[in-house]
Amino acid sequence: MIPAAFEYHAPATLKEATALMRRFGDDAKVLAGGQSLIPMMKLRLADVPHLIDLRRVSGLAYIKEQDGGLAIGAMTTYHELEASSLVRRYAPFIVEAIDLIADVQVRNKGTIGGSAAHADPAADLPALLVALEARINTTGGARARHIAADRFFVDAYTTAMGPSEVISEITLPALPLRTGTSYRKFANKASHFAVVGAAAVVTLGADGLCERVRLGITGAGPKAARSKRAERYLEGKAPTQENFQTAARKAGHGIEFLEDIHGSAEYRRHLTSVFAARALAEAVQRVAD
Amino acid sequence: MAHTITLTVNGTGYTREVEPRLLLVHFLREVLELTGTHIGCDTSQCGACTVTMDGLAIKSCTAFAVQADGATIVTIEGMAKDGKLHPIQEAFHEEHGLQCGYCTPGMIMTLSQVLERNPDPTDEEIRHGIAGNICRCTGYENIVRSARDAARRLREEA
Ligand SMILES: Cc1cc2nc3c(=O)[nH]c(=O)nc-3n(C[C@H](O)[C@H](O)[C@H](O)COP(=O)(O)OP(=O)(O)OC[C@H]3O[C@@H](n4cnc5c(N)ncnc54)[C@H](O)[C@@H]3O)c2cc1C
Ligand code: FES
Ligand code: FES
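Chains as they are written, first to last, in the working numbering: chain A, -12 to 276; chain B, 10 to 167.
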């Protein structure tokens, strides 16, 4: 399959890239790893008269410690994240989640910025970004913005970014002591995309109770989102199987469950509570480790 | 508008004019006439088109040739040296790692990178490593055996 003809731009700076975005408006898209955009262009689901490749923009691929958390450049690939000891130390569930994304070849190319910007309802990282309360930093709009992850994902393939905005960086805040993380997904057998994925970040207090709970769900509905009702239920309660189960049953609240060949809405509702319970339990178990 | 790209493929430098929409796999097969890289699905799923670019396995049906400007690419044709098969090729030969052979160039190119990152993988790690390469013939058993043997050969060589 051959995409429609397009003009290719490979600017050297982010400033040039956003200037091109403004100039070509809806006719332009940036290219990161190309693992979602190129297939869409080949299928002619995306028509991109001006393709702006970010590969020559230097300084967009990095992972560094910042304020006790991490700052990650938008063009950092899955592979770079997976291989990073900083990422592993910060929150091991990031490495585990990435290991379950697609395959070696896709992980060599796909980027954290591309995953966020694409906002595929079945993508994995968005669940972790909302659970970690990440910030998506953009440039190219009227002003630089720092968008909270749970406001960034608006709908299927739709984000809070304006047409000329580009993600430059994603920041992950410091996690409290005694925090455990876990990502559990029910994967589509062929693509490995999430039919449902649950990302849990749980902090236990000195009293041994669940002090702070963040639960991000992807795949189930049109966008990755936090399950605030489940979080609130579990906070202040003992980390018991029974409490995880009850919290997990609330995890589907507010989700408009998707229905497609991979599963009915009812099935996704069921998977959401099963995988939320597993992720919560595993996150708590890891506080001790 | 055509772009001029300069790249190295299997140790040889090339400079060519390409249309931006030309896929890397079509560039390799049709412009350079290196037809060892196969097209299976053409939808980023099967891995038959895998080559290495700057040492990383990628699906060449999911990259544009213009993106390879300045890159170093290795295809299956670049594996054998001086008439001698690469150790991974030898292992596939000895352990019967193929039937029709369609998936084999992609399998070998993926494994060339997977075994570099992990020289002594378990069977499970091998299977995880080739998860992006589909084989419709072998049922994978002999491919895993070949990969294990390839790893041993590469370790002994090092
Ligand atoms: C076979 C296969 C299996 C896959 N399986 C999974 C899976 O299991 N789980 C999963 O999560 N994903 C999966 N993916 C998708 C993969 O993760 C994509 O790589 C990712 O969604 C997009 O990242 P990219 O860097 O390739 O972005 P691209 O494809 O280059 O871009 C995607 C979109 O984001 C925009 N964009 C990219 N970067 C920026 C930026 N910095 N600022 C603004 N906009 C930007 C582009 O304009 C485009 O609209 C799979 C893909 C394939 C081909
Ligand atoms: S032809 Fe490229 S992945 Fe199948
Ligand atoms: S040997 Fe025929 S597809 Fe693998």
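It should be emphasised that the hints constitute simulated quantities derived from the structure, not laboratory data. The model shown is predicted, which means the values in this text are computed figures rather than measured ones. Do not take every clue at face value.
[Stated by the list, open to error] Part of the chain B face toward chain A, derived, beta carbon under 10 Å: (1) Thr71; (2) Gln76; (3) Gly141.
Every residue gets a Cβ at the ideal spot worked out from N, C-alpha and C, and that includes glycine.
We went through each hint and held it up to the structure:
Because the closest C-beta pair between B:Thr71 and chain A is about 5 Å apart, less than 10 Å, the hint holds. The beta carbon of B:Gln76 comes within 6 Å of a beta carbon in chain A, closer than 10 Å, and the hint placing it at the interface holds. Given hint, B:Gly141 at the interface with chain A, holds; its Cβ is 3 Å from that chain's nearest Cβ, closer than 10 Å.
Of the numbered hints listed earlier, not one is contradicted by the structure.
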